[in-house]
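Since the structure of chain A is already known, use the hints to place chains B, C, D, E and F on it.
Protein chains: 6
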Amino acid sequence: MLAPNIETFIGCEAKYPDSRIVLYGAPFDSTTSFRPGARFGPSAMRHESFGLETYSPYQDADLTQCAVFDSGDLELSFGSPERALYDIETRAAVILQDEKIPLLLGGEHLVTLGAVRAAAKKYADLHIIHFDAHADLRDQYLDAKLSHACVIRRCWDLLGDGRIHQFAIRSGEREEFQFAKEHTDFHPFDFEGLGHTLSMLKKQNVPIYFTIDLDCLDPSIFPGTGTPEAGGVSFLQLLEALRAVCTANVIGADLNELASTLDHSGISTAAACKVLREFLIALDTKNK
Amino acid sequence: MLAPNIETFIGCEAKYPDSRIVLYGAPFDSTTSFRPGARFGPSAMRHESFGLETYSPYQDADLTQCAVFDSGDLELSFGSPERALYDIETRAAVILQDEKIPLLLGGEHLVTLGAVRAAAKKYADLHIIHFDAHADLRDQYLDAKLSHACVIRRCWDLLGDGRIHQFAIRSGEREEFQFAKEHTDFHPFDFEGLGHTLSMLKKQNVPIYFTIDLDCLDPSIFPGTGTPEAGGVSFLQLLEALRAVCTANVIGADLNELASTLDHSGISTAAACKVLREFLIALDTKNK
Amino acid sequence: MLAPNIETFIGCEAKYPDSRIVLYGAPFDSTTSFRPGARFGPSAMRHESFGLETYSPYQDADLTQCAVFDSGDLELSFGSPERALYDIETRAAVILQDEKIPLLLGGEHLVTLGAVRAAAKKYADLHIIHFDAHADLRDQYLDAKLSHACVIRRCWDLLGDGRIHQFAIRSGEREEFQFAKEHTDFHPFDFEGLGHTLSMLKKQNVPIYFTIDLDCLDPSIFPGTGTPEAGGVSFLQLLEALRAVCTANVIGADLNELASTLDHSGISTAAACKVLREFLIALDTKNK
Amino acid sequence: MLAPNIETFIGCEAKYPDSRIVLYGAPFDSTTSFRPGARFGPSAMRHESFGLETYSPYQDADLTQCAVFDSGDLELSFGSPERALYDIETRAAVILQDEKIPLLLGGEHLVTLGAVRAAAKKYADLHIIHFDAHADLRDQYLDAKLSHACVIRRCWDLLGDGRIHQFAIRSGEREEFQFAKEHTDFHPFDFEGLGHTLSMLKKQNVPIYFTIDLDCLDPSIFPGTGTPEAGGVSFLQLLEALRAVCTANVIGADLNELASTLDHSGISTAAACKVLREFLIALDTKNK
Amino acid sequence: MLAPNIETFIGCEAKYPDSRIVLYGAPFDSTTSFRPGARFGPSAMRHESFGLETYSPYQDADLTQCAVFDSGDLELSFGSPERALYDIETRAAVILQDEKIPLLLGGEHLVTLGAVRAAAKKYADLHIIHFDAHADLRDQYLDAKLSHACVIRRCWDLLGDGRIHQFAIRSGEREEFQFAKEHTDFHPFDFEGLGHTLSMLKKQNVPIYFTIDLDCLDPSIFPGTGTPEAGGVSFLQLLEALRAVCTANVIGADLNELASTLDHSGISTAAACKVLREFLIALDTKNK
Amino acid sequence: MLAPNIETFIGCEAKYPDSRIVLYGAPFDSTTSFRPGARFGPSAMRHESFGLETYSPYQDADLTQCAVFDSGDLELSFGSPERALYDIETRAAVILQDEKIPLLLGGEHLVTLGAVRAAAKKYADLHIIHFDAHADLRDQYLDAKLSHACVIRRCWDLLGDGRIHQFAIRSGEREEFQFAKEHTDFHPFDFEGLGHTLSMLKKQNVPIYFTIDLDCLDPSIFPGTGTPEAGGVSFLQLLEALRAVCTANVIGADLNELASTLDHSGISTAAACKVLREFLIALDTKNK
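Protein chains in written order, with my numbering: chain A, 1 to 288; chain B, 1 to 288; chain C, 1 to 288; chain D, 1 to 288; chain E, 1 to 288; chain F, 1 to 288.
Fair warning: there could be bad hints in the mix.
Taking lysine-lysine and the DSBU-like style, the derived pairs with C-alpha atoms no more than 30 Å apart in a straight line are [to be verified]:
hint	chain 1	residue 1	chain 2	residue 2
1	B	LYS202	B	LYS288
2	E	LYS181	F	LYS181
3	D	LYS121	D	LYS202
4	C	LYS145	C	LYS203
5	C	LYS288	C	LYS15
6	B	LYS181	C	LYS286
7	C	LYS181	D	LYS288
8	E	LYS15	B	LYS15
9	F	LYS145	A	LYS288
10	D	LYS181	B	LYS286
11	A	LYS181	E	LYS288
12	B	LYS288	D	LYS181
13	D	LYS181	D	LYS15
14	A	LYS15	C	LYS15
15	A	LYS202	A	LYS286
16	C	LYS288	B	LYS181
17	D	LYS203	D	LYS145
18	B	LYS145	A	LYS145
19	C	LYS145	F	LYS202
20	F	LYS181	F	LYS288
21	A	LYS203	A	LYS288
22	B	LYS121	B	LYS203
23	B	LYS122	B	LYS181
24	F	LYS202	F	LYS181
25	E	LYS181	E	LYS15
26	B	LYS15	B	LYS181
27	F	LYS181	A	LYS286
28	B	LYS288	B	LYS121
29	A	LYS181	E	LYS286
30	D	LYS145	E	LYS145
31	D	LYS288	D	LYS181
32	B	LYS181	B	LYS288
33	F	LYS203	F	LYS145
34	E	LYS181	F	LYS286
35	D	LYS286	C	LYS181
36	C	LYS181	C	LYS202
37	F	LYS15	D	LYS15
Source of the hints: derived by calculation from the structure; they are not laboratory data.
With the rest of the complex left out, here is chain A (with noise of 0.2 Å):
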């Protein structure tokens, strides 16, 4: 008998109970203010994944070998921030809750919240390893507190002090990269001082929260996103970073800011798949 199609994201193919990952996608751009698209990432991501190898030579693995699962993507409310991260926040309370590491796929950078909230109620010592090109320290935008430029300061109304750890920011308000210099672990333009960070995160054994905006990277490799910042980390700066996040005690993460729409060349949906290949390979070999 002929089977349905089914379409996840190539080599994740794990059942739900065996699956020590769980994909999910918010395909949500409401409150992006200046070129929406992002909510067509997660499934440019799953759809063009069909031309990805399953196999890393970066890490010499192969990702049909880690586990796994992909549940698709939420159908959430258009013009309402607020219900799109509760119903992001119930997903990944359900993930954690059978011990499994929810993968977020954005959709604009504000669906991180929704997340964040779900792990800061499991884990009340979170951290957040945050990489991109933008502090997203506002405290409002456009009159709102729910925007994609606010979303770093939402999860530090959560955390507090020294908690949140920011790198590569290229691009922000005066007032933003003030507010980094007194409440955060903030590293401006690039990786330095990654190391340091980690090693004092991993002498704590805290638990991470790891959300990657894929504007950190440079808009030559990825152009197909809302807000393009000249001046960002190579394709190897950051595929070298995220595994060194991965050796640290990562409990749930995130990749978004992929705008499919505004790349006709492919290039950036191609970049963000192979990120995702390596971020997951890298999430599981810790886990395995």
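The following block gives chains B, C, D, E and F in isolation, referenced to the frame of chain A:
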């Protein structure tokens, strides 16, 4: 002394006190569920209008001799439809109070609700003429009451039965078509019956809010819109119909759903500019 | 427990045993000589169908109430037309044997041959109704017998004179037009004569394989195809004609030549989705 | 021994001495004020013509049996319209002197002036038939007399009243429409009156220069042009009109304003190629 | 009372009398021989700047605290380079006379000549610092002396040997490279030697006109330009070099060759906006 | 008398008998499994080369002084890899027999096999130097032995162990990497080890076939290819490496996998043109 850069829709250079029609833009598309981009419509029309002739051979009249003021775009809060509608309503109310015709450039179709709220407060006997591919009569969409897919239903909440006249509708849920049959003056597929509707409205001399969703046009001539629906009306049919409506008592209007970034050829923006020229000339001629 | 991501054409959610129509995709375009991309057609239709209403105002019926199963895409060997045709024929034969109507989504037009081979084995008296811009009657093309440009000629090899009914053809070599005059029921440019052909076929109650090359549509509404030919039929003409054919005894069908990547505006995919909705509803209505 | 790469418009393989029609390209668009790109027209038509059938089912004739020579593109000086026109005139004069029909591929419409100058020197009683969306009758544009927007006015400077016959015009300044009414045989919007004009010109057997600005076509079928104007003629209307003109005494011609780079779908170039095929066949048939 | 729509580069809101730097645009590309589109550069930068932060983390300074006035675009005559240069020179002269720094936004590189003519009239000892992929030293190009490919040669005609300092050049004819070796201070491929050149110029305290052709950037980060040349400098290298130059006595400047329409991803316009922000802050800091 | 239109790669205007290098194109991509378009590579390079300088500042040499003949593209049978390879082999054999270096422009990488077959027949001791992102060492792919993904494996079938030298490989199945370790001289990720390999090959003075898959370049500078792989080599690294290889005994070569239609910005085609210029100059210099 040098002057700063002013950018208005071509030929719309009246001073505000002298104007009869006032343009205002609402670059908002947060509730767009399928393909966003309507936020770019107003600035695209303004910017590309420099390729448009101000003279209309269809009406043998020139836009430069109409009394139109372009007040630019509102700065709206993405992700907060209620706040955006409030700002739109406020601007529309100011213009109506000054006894001018507000002509709103969307943005997604939800923006109409802000303007209709202002118009309905001033005119208790308001009617709406609605050109669109979609019925927009859902009671809610993805759990939201304030959605582009519900905008005419929200207008009906305000105005009730027999006050909304819909033309060229060719897409919707079965429930919307049923609702339309019972509650609106409904004309699917094209403009058949428009003459009859207009002669009735003119006899009563009621005030009319006229909303045009540009996706009533066939996608062949207007591909740059979020949800293109094959089988639409032609450009010349639309011009003829809008000129007919403008002979009635139109007290407010809008033109929306140009998502300029979805059409790299530029024909959608060019068509929208020409529709706006014809619209402004027809409205102004009636009100001279 | 979370479910994996299933992606079918919208509203096609019958279980296989309950279905009357079965979709299957053939993402193949290896013999396309001019501009490839038809391989992306089936997945584009499936993916973009989430922007389509399931209700048809043209037929006042809803796709969700039809009995359609979507079996996804075949995994075909690029560069080996004979093997690809074999796999298509095999799938079609399974569906025909289960007394269901196979509806193939191409892919380039050559894929039709696989399905016709299966149908001709089951139905000795098979007729073909063919909507297309191109005659596809070359005996060979660039030294190949199995080419998109030869597919109807290959069908004629199987069925012989008087069994193929061609409509809307407006491009080909002089030899193809001459061949058509001698060997097929040939109607260039549009659907003139379709009523007559159908009444004859209904009288005989013969089984019909119905193949639609979407490039019969005018390129203005369907630019996303390998070889666009100006001067085509309109969307509404195509809908009317296909509804007419579906009142006859259609036992298998296909819809092909959407090369979605050639049209960034997305109107081609949207039009193809709507044609498919109307096609499925018309076929299902007849077979209920 | 291997031969170098020759690229001509498909089917135009006559030797120069045997040819009746000679193609020459003018890849020039320096005075285009809105969106450049017409410079790419001639090479795009030549290159994409390999996807075109040489057989015309409309005229039941084949381009390979016409006597057409393709002399390639002129190398013109960007930024110097007068020099470019001189080079075009020189080429046209050579072809006219050899008793062949020069068929110029633009480029922006200004290029016509070079060819008309050559034709008017040879034929004192020259008439012009002009298909276009734009009147092109400005006396000057942005301080320039040699502009695409002035080209027909410059032709009128040469030929005077009653010698220019304009069809399908739907855009221009009020002054241009007034000038047209007084000085040209003016037919706005479509081809109404063409039959009458032609029968008059045939009676007098005057030599005709026939210039087609492809933007007379509706932008839905021809989006790839600098200034698309909604409300144009259809492809089949254009074919019918140009075949009619070709029954008169056409001694020179051009086809211009394809800006292929503005239309990624390729339908504009494909349509232009087909118009050129039909044009060449019609011209050649008359002159055999 | 409502205000009309004003559009300036973000953060450039000084009044003219208070300003130290004045932006003016020259949307001209008539002599571009390969791929036009630089005409769209100035308005694209202005329009897309609303996605740019005004704060520079590189210089820890904010554009809103600089004294910049944006005087909009000149309306130039396409097809007449001499007239366009005259209009540019006139505008530059006004700004120089008011003791402000004119910063010209091109357009093709030829526009520089207009500004240099004005600067050379005021400053007899003018030097030029030139960042570019191309030498632009041809004596003529396609029979034209006023061409983008000749602009630095025309400047040399004005200034003579030893006054022009060229960096990052990686493309040109053999003759241009030879000319450069004999007549300019020539640094191919990158910014090597810039420190030495600057210390010499500072010692002499000569006035400097600083012209940046953005195609000195690698095409990976700046694809949207007429003639992309692989092998360029990185974004951070350019920022560092331009900040260095701005510590010398820059009395006029330009930024040109953004052809925004050639890059649909938008990263070129975004990069250009950021270069302009850094440029304005560096110039203003020096001149405070 | 007018000449027909000849289109060759710029500066390649030697007569065949005088030439040392002969270009020939193989516009074939039938086995491309992911994104087709490499078929357009050769004509795109030829066509866009008119924007390329013939002078190389890297090698201080001019392409116009090299002895290169461009024999245009083969007309290959789509859908029949075996026949296409036969035609390629035949052309390569002719050129080799005339003691010239055949330089093949692909097309997908499979085309290399045709040329290698010809070279291996002439040179029993042939070695291959292979630059690529992909190992191309699968034994079969989607049931096909003749696939772009298997091409180097097929070359290994011909030549055996130790004859293939692979560089810059960063993608493949685990099995391919294992095969490489056992059977080829394998250098993943970059050009490390190239100097050693070359000095060994030069010592033996063996004939070398040099195949460059342009996707070895980073997608940031070369997005227009079927399967872009982030993490590639830079343009300048590639130039340096290819100049090094050309100092050895290269007797045949190819450059493939430019899928120009996937990159609307044009930087991929421009980069490919420049690589070809440098390649031809380096090959010719060695062979003068």
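Each hint, compared with the structure:
1. LYS202/B x LYS288/B: Status holds; Cα separation ~18 Å.
2. LYS181/E x LYS181/F: Violated, at about 49 Å.
3. LYS121/D x LYS202/D: holds (21 Å)
4. LYS145/C x LYS203/C: violated (35 Å)
5. LYS288/C x LYS15/C: The given pair, whose Cα atoms are some 16 Å apart, holds under the 30 Å limit.
6. LYS181/B x LYS286/C: holds (27 Å)
7. LYS181/C x LYS288/D: With Cα atoms ~27 Å apart, LYS181/C and LYS288/D stay inside 30 Å; holds.
8. LYS15/E x LYS15/B: Within the cut-off at roughly 22 Å; holds.
9. LYS145/F x LYS288/A: The hint is violated at about 37 Å.
10. LYS181/D x LYS286/B: Measuring from Cα to Cα gives roughly 27 Å; hence the hint holds.
11. LYS181/A x LYS288/E: holds (27 Å)
12. LYS288/B x LYS181/D: Holds. LYS288/B to LYS181/D sits at ~28 Å (cutoff 30 Å).
13. LYS181/D x LYS15/D: violated (44 Å)
14. LYS15/A x LYS15/C: With a Cα-Cα distance of about 22 Å, the restraint between LYS15/A and LYS15/C holds, given a limit of 30 Å.
15. LYS202/A x LYS286/A: Status holds; Cα separation ~13 Å.
16. LYS288/C x LYS181/B: holds (27 Å)
17. LYS203/D x LYS145/D: violated (35 Å)
18. LYS145/B x LYS145/A: holds (21 Å)
19. LYS145/C x LYS202/F: violated (47 Å)
20. LYS181/F x LYS288/F: It is violated: about 37 Å lies between the C-alpha atoms, which goes past 30 Å.
21. LYS203/A x LYS288/A: Holds - the C-alpha atoms of LYS288/A and LYS203/A are around 21 Å apart, at most 30 Å.
22. LYS121/B x LYS203/B: holds (23 Å)
23. LYS122/B x LYS181/B: holds (28 Å)
24. LYS202/F x LYS181/F: holds (23 Å)
25. LYS181/E x LYS15/E: Answer violated: LYS181/E to LYS15/E is near 44 Å, above 30 Å.
26. LYS15/B x LYS181/B: violated (44 Å)
27. LYS181/F x LYS286/A: holds (27 Å)
28. LYS288/B x LYS121/B: holds (25 Å)
29. LYS181/A x LYS286/E: Status holds; Cα separation ~27 Å.
30. LYS145/D x LYS145/E: holds (21 Å)
31. LYS288/D x LYS181/D: violated (37 Å)
32. LYS181/B x LYS288/B: violated (37 Å)
33. LYS203/F x LYS145/F: Violated, because 35 Å separates the two Cα atoms, which is more than 30 Å.
34. LYS181/E x LYS286/F: holds (27 Å)
35. LYS286/D x LYS181/C: holds (27 Å)
36. LYS181/C x LYS202/C: holds (23 Å)
37. LYS15/F x LYS15/D: Given that 30 Å is the threshold and the Cα spacing comes to 22 Å, the pair holds.
Going through the hint list in order, the structure does not satisfy hints 2, 4, 9, 13, 17, 19, 20, 25, 26, 31, 32 and 33.
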